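Protein sequences, first through last, are from chains X and V.
Counting along the first sequence from 1, when you hit position 108 you're at 108 in full-length UniProt numbering, and nothing is skipped either side.
Counting along the second sequence from 1, when you hit position 237 you're at 237 in full-length UniProt numbering, and nothing is skipped either side.
One or more of the hints may lead you astray.
Looking from chain V toward chain X, a few residues come up when the C-beta cut is under 8 angstroms (computed) [to be verified]:
{"hint": "1", "residue": "G43"}
{"hint": "2", "residue": "V76"}
{"hint": "3", "residue": "R77"}
{"hint": "4", "residue": "K81"}
{"hint": "5", "residue": "W88"}
{"hint": "6", "residue": "E228"}
{"hint": "7", "residue": "K229"}
{"hint": "8", "residue": "G231"}
{"hint": "9", "residue": "I236"}
{"hint": "10", "residue": "W245"}
To give an idea of the interface, some chain V residues facing chain X are shown, with a C-beta separation under 7 angstroms as derived from the structure [stated by the list, open to error]:
{"hint": "11", "residue": "A47"}
{"hint": "12", "residue": "E233"}
{"hint": "13", "residue": "C251"}
{"hint": "14", "residue": "I258"}
Calculated from the structure, these hints are not laboratory results.
A quick note: this is a predicted structure, and the numbers were derived from the prediction, not measured.
Where a beta carbon is used, it is the ideal one built from N, C-alpha and C, also for glycine.
Now for the letters of each chain:
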Amino acid sequence: MDIYLPIAEVSVNWPLLMLLGATVGFVSGLFGIGGGFLMAPILVFMGIPPTVAVASQASHVVASSTSGVIRYSVMKGVDYKIGGIMAAGGVFGALVGVELFRYLRLLGQADLVVAVSYLIFLGSIGSMMVFESLTKILQRVRGETPPRKERRRPMWLYGLPFRMRFPRSGLYISAIPPIGLGIFAGILSAIMGVGGGFILVPAMLYVLRMKANVVVGTSLFQIIVTTAVTTILQAGRNQTVDIVLSMILLLGGVIGAQYGARLSGRFRAEEMRAALGFIVLLVGIQMGLELFVRPSELFLMAPGVGN
Amino acid sequence: MFQDLPPPPPAYEAPAPEQTVATASEVRVAAALTDAQIKVDTGFSGASIVLYGAVFNPTDVPADVVLVVRGPDATVRLVKKTRHNGVWLNSRPVVFEGAPGFYMTASTRPLPDVADFGQMRRLGVGVDHLRINAPEEATTVTRYGVRDVVISRLGEDYLDWRRAVIRLKETAGLYKNNPDGVSFVDRGLFRAEVDLPATAPTGTYFAEVWLFQEGAPVSVSNLTLTVEKVGLERSIYQFAHRNPWMYGILCVFLAAGIGYAASRIFRDR
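Using the sequences provided together with the hints, build the complete structure.
This is how it looks when you write it as structure tokens:
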């Protein structure tokens, strides 16, 4: 049941890989996220070189996001205009990110930066999600009414030039914040191998204050473009995309995602967010721990030179 | 400071006795591999090759056989985790040259019993005698725009680093030492197994079969072995390296296509 991966140059058990793809796909369908942040650590744990894992799973994100965008597009849940602007930023960010990753890899610091980014981003987003959703759940249990939220966008959003109209999102804002958001997500996509949905969705919702029904679809659309470019760049510059690995993962992934999406309607939004927040937080802490725990092996091979 | 460095390159051919003219009175070793061409395909999960050999030994002096298999050289970049203010960070990488990608020894007895340290070092037999070197001078090489300090001020730590290279390779199953890996199946006829892990590098491998008598090498037989990717593995690997941009675009289209197909298939259910 073992299959030899031509680029990763290791032999792995393929039913296990497909199961991993299906599990991550299930989680991603359930919560409406890409799930990349879960996949990379597990792949590395299975013995796949981190650089190959990060680059190959980007195409898994492409596949799961494609089926997501098609689903949301039917429901008119994608704002292609703002999504396109964010994607343009994302492409630029991916270019920067892939070069940055290449540089860090040659410096022998790639795994450190990956660990730090996981700790910072997953840790902070995870705790915010847990805190926010637990507060809501508690309020519901106690029967309190939530205090009225301030529905105003930050004022600096209006002070910026290049204002554009985005009718579907109900916005008339400068093009700079969406571009900036896209660039940021693009860099993360290259370094962490994630789509960046866990950053994009809250930012679009709470900072840009887009209409809630177009947020997930639009972020998925921007993620497709960014991760597609990341995949091509990783393949072209670093030759670290293993097509056999990504095909096995995404075959399992698309199936898992469908079942996850079907199940997601059965839970309350806050409970889902609390659960997702805990997962995000756990992965972030797990990845960050290696910075503080004395490693059992002080030396490690740094990839580079030959490959 | 670097007295622990292995000596200059050993002259492999020098100690080998004249073996071209085989006379009945000469002690000689001959060997062959069951498979001299390892094909790495989709189902590859390592390979096990058997080496058969014969010792033509008309004398009564006991003989030891030592098999050495050496894979293509692969430069090793090593980093060490060091603690700064409670956080474990990577040091700058140090490059070691001359480390083979695969190295194994198998013998009839533990290597120190077969011949003494000096002899083994001269022949370069055994993991401890590999010429894995980091240049003494600090040289700065720029690779892909990255300043790479190849080595500097390793000094006392040098042996630690060198041992780490060997230890990591051993953990990966790429360096092995099997003190009873060569067994005599009959008088003068021996066999040994060469186990290649799935991570074994592709390329040409050199095998040496040494015959020792009373701690001195008396004969050697040289063999080669190739490990290469074949079939689909080879096509994908070559495509990914020769035409990386097209390869990336194809990956994306395949992924998007599968995503699209999935949403069609599952739409109505």
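For this session: Classify the hint on A47 of chain V as holds or violated, based on whether any CB of chain X lies nearer than 7 angstroms to its CB.
Result: At 11 angstroms from the nearest chain X Cβ, A47 of chain V fails the 7 angstroms test, so the hint is violated.
Exercise. With 8 angstroms as the cut and Cβ atoms as the points, is E228 of chain V at the interface with chain X?
Worked result: Cβ of E228 of chain V sits 12 angstroms from chain X, so the hint is violated.
For this session: Return the status of the interface hint for W245 of chain V: holds when the least beta-carbon distance to chain X is below 8 angstroms, violated otherwise.
Result: holds, 4 angstroms
Problem set entry | chain X contact restraint for R77 of chain V - C-beta distance below 8 angstroms | holds, 4 angstroms
Exercise. Measuring from the C-beta of G43 of chain V to each C-beta in chain X, is the shortest one below 8 angstroms?
Worked result: Holds. Min distance 7 angstroms.
For this session: Under 8 angstroms, Cβ to Cβ, is where G231 of chain V needs to be relative to chain X, so tell me if that hint holds or is violated.
Result: violated, 10 angstroms
Exercise. Close enough to count: is the Cβ of K229 of chain V nearer than 8 angstroms to one in chain X?
Worked result: With a minimum Cβ separation of about 7 angstroms from chain X (threshold 8 angstroms), the hint on K229 of chain V holds.
For this session: So, I236 of chain V near chain X? Judge it on the closest CB pair being under 8 angstroms.
Result: Holds, because the Cβ-Cβ distance from I236 of chain V to chain X comes to roughly 4 angstroms (cut-off 8 angstroms).
Problem set entry | Supplied contact hint for K81 of chain V, tested at 8 angstroms Cβ to chain X | Hint holds; K81 of chain V Cβ to chain X Cβ min 5 angstroms, cut 8 angstroms.
Exercise. Does the CB of E233 of chain V sit less than 7 angstroms away from some CB of chain X?
Worked result: holds, 4 angstroms
Exercise. Taking the closest Cβ pair, is I258 of chain V under 7 angstroms from chain X?
Worked result: holds, 5 angstroms
For this session: Grab the minimum C-beta distance from W88 of chain V to chain X and call the hint holds if it beats 8 angstroms, violated otherwise.
Result: With a minimum Cβ separation of about 6 angstroms from chain X (threshold 8 angstroms), the hint on W88 of chain V holds.
The structure fails to meet hints 6, 8, 11 from the earlier list, while all remaining hints are met.
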